[in-house]
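All chains should be built: construct the whole structure from the sequences, respecting the hints.
If you want the building blocks of each chain, they are given just below.
There are 2 protein chains.
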Amino acid sequence: MSKTVLNLVMTFDGFVAGEHDEMDWLHKIHKRPTGSAKWDLSTFTSQVGAIIVGRRSYELGIAQGWFKNEAYGPSPIFVLCESVPANLSHDADFRFVSTGIQDAHRQASETAGDKWIYLFGGPNVFQQFLNEDLVDEMRITIAPILIGKGIRLFHNLTKRHIELEKINVTDHPNGMIETNYRIMK
Amino acid sequence: MSKTVLNLVMTFDGFVAGEHDEMDWLHKIHKRPTGSAKWDLSTFTSQVGAIIVGRRSYELGIAQGWFKNEAYGPSPIFVLCESVPANLSHDADFRFVSTGIQDAHRQASETAGDKWIYLFGGPNVFQQFLNEDLVDEMRITIAPILIGKGIRLFHNLTKRHIELEKINVTDHPNGMIETNYRIMK
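One line per chain: the protein sequences are U and V, in this order.
Quick note on this note's numbering: the first sequence kicks off at 1 and runs consecutively.
Quick note on this note's numbering: the second sequence kicks off at 1 and runs consecutively.
Hint data in this document are derived by calculation from the structure and do not stem from the laboratory.
Be aware that one or more of the hints could be misleading.
Put simply, identical chains are the same to the list, so a pair is met inside one copy or across any two.
Said to hold, decoys possible - With a Cα cut of at most 35 Å, we get these calculated DSBU-like pairs of lysine-lysine:
#, residue 1, residue 2
1, Lys-3, Lys-166
2, Lys-28, Lys-3
3, Lys-3, Lys-31
4, Lys-166, Lys-149
5, Lys-149, Lys-159
6, Lys-159, Lys-185
7, Lys-185, Lys-31
Structure, rendered in structure tokens:
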């Protein structure tokens, strides 16, 4: 049985990117003399069998060449969309799903088999999945910086309380905190 | 020289209380069989020489009897206000300051001497102090729960980036993460 996992870095004040998708805050932390917390994506993605992204993350990822990164591995990437985009990229094995998140999740589960589903983003996608009880695990690294404005990870949850059970928490000399929680259902 | 310290618990999604000031989420975590993370306020307040609160926290604290709690110790409590309230409480040694946060900070520093200034809250007060570079240290305990709505700790910062330097991070079996960061200036 596949599990669905969110994996990302957010600022201490809850943002995953600046107002204009900036990641300069993350580069600041990585440049600290205390060293970069090893955010080893390939160890994670080696366990992944399918990836789910929203339409905006697809467009942004194409523009910025994210999906050419080998760390994402050979997994098919299911793109949530209202209609198949004109801009068809061959950076990865993209599969467009316009039939809603439940169906995207079902297709991704079938493809992933025993491997994990990597919920890539963005925040709107996470929140829809959290609201529908489709997330099993969160791997969120908290960066030691406040940026004040930007794209919030959590801003539109409709479920009242979602309790988290600790799997693992690791803190790094540069101030990064890697957290891994199970969503309690 | 006194240092100014913020000390509180927030949810993983960045709230310090529910929409109607509820703290039920915190009680849920404390009731877990994995035990309550010892949020030992009196160890902290034994190092405190002055407390600063906003007007709303003052009213709420009076209504809920917070300041009768011996854990807050004998420190004078400076209340930021536009005018001295009609509702004068004798729950603690309250001192009303209507001349702005810089002046409140100066008065609290003089009173605290070598001891710390405990920035009690609420979030509007924190953010004004952060924006004015008046905070030295944050002690924030992150509770393993998402509540979706409520009173955000960080929502109105005007400074672009505030970097944090790790002093100490401790994670507890019940999923709480106690963080202690120095504000880099």
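Evaluated hints:
1. Lys-3 / Lys-166: Cα proximity of Lys-3 and Lys-166: in one copy and across copies (16 Å, 33 Å).
2. Lys-28 / Lys-3: both (33 Å within a copy, 26 Å between copies)
3. Lys-3 / Lys-31: both (33 Å within a copy, 28 Å between copies)
4. Lys-166 / Lys-149: Both, since 28 Å and 22 Å are each at most 35 Å.
5. Lys-149 / Lys-159: both (24 Å within a copy, 9 Å between copies)
6. Lys-159 / Lys-185: within (11 Å within a copy, 38 Å between copies)
7. Lys-185 / Lys-31: between (39 Å within a copy, 17 Å between copies)
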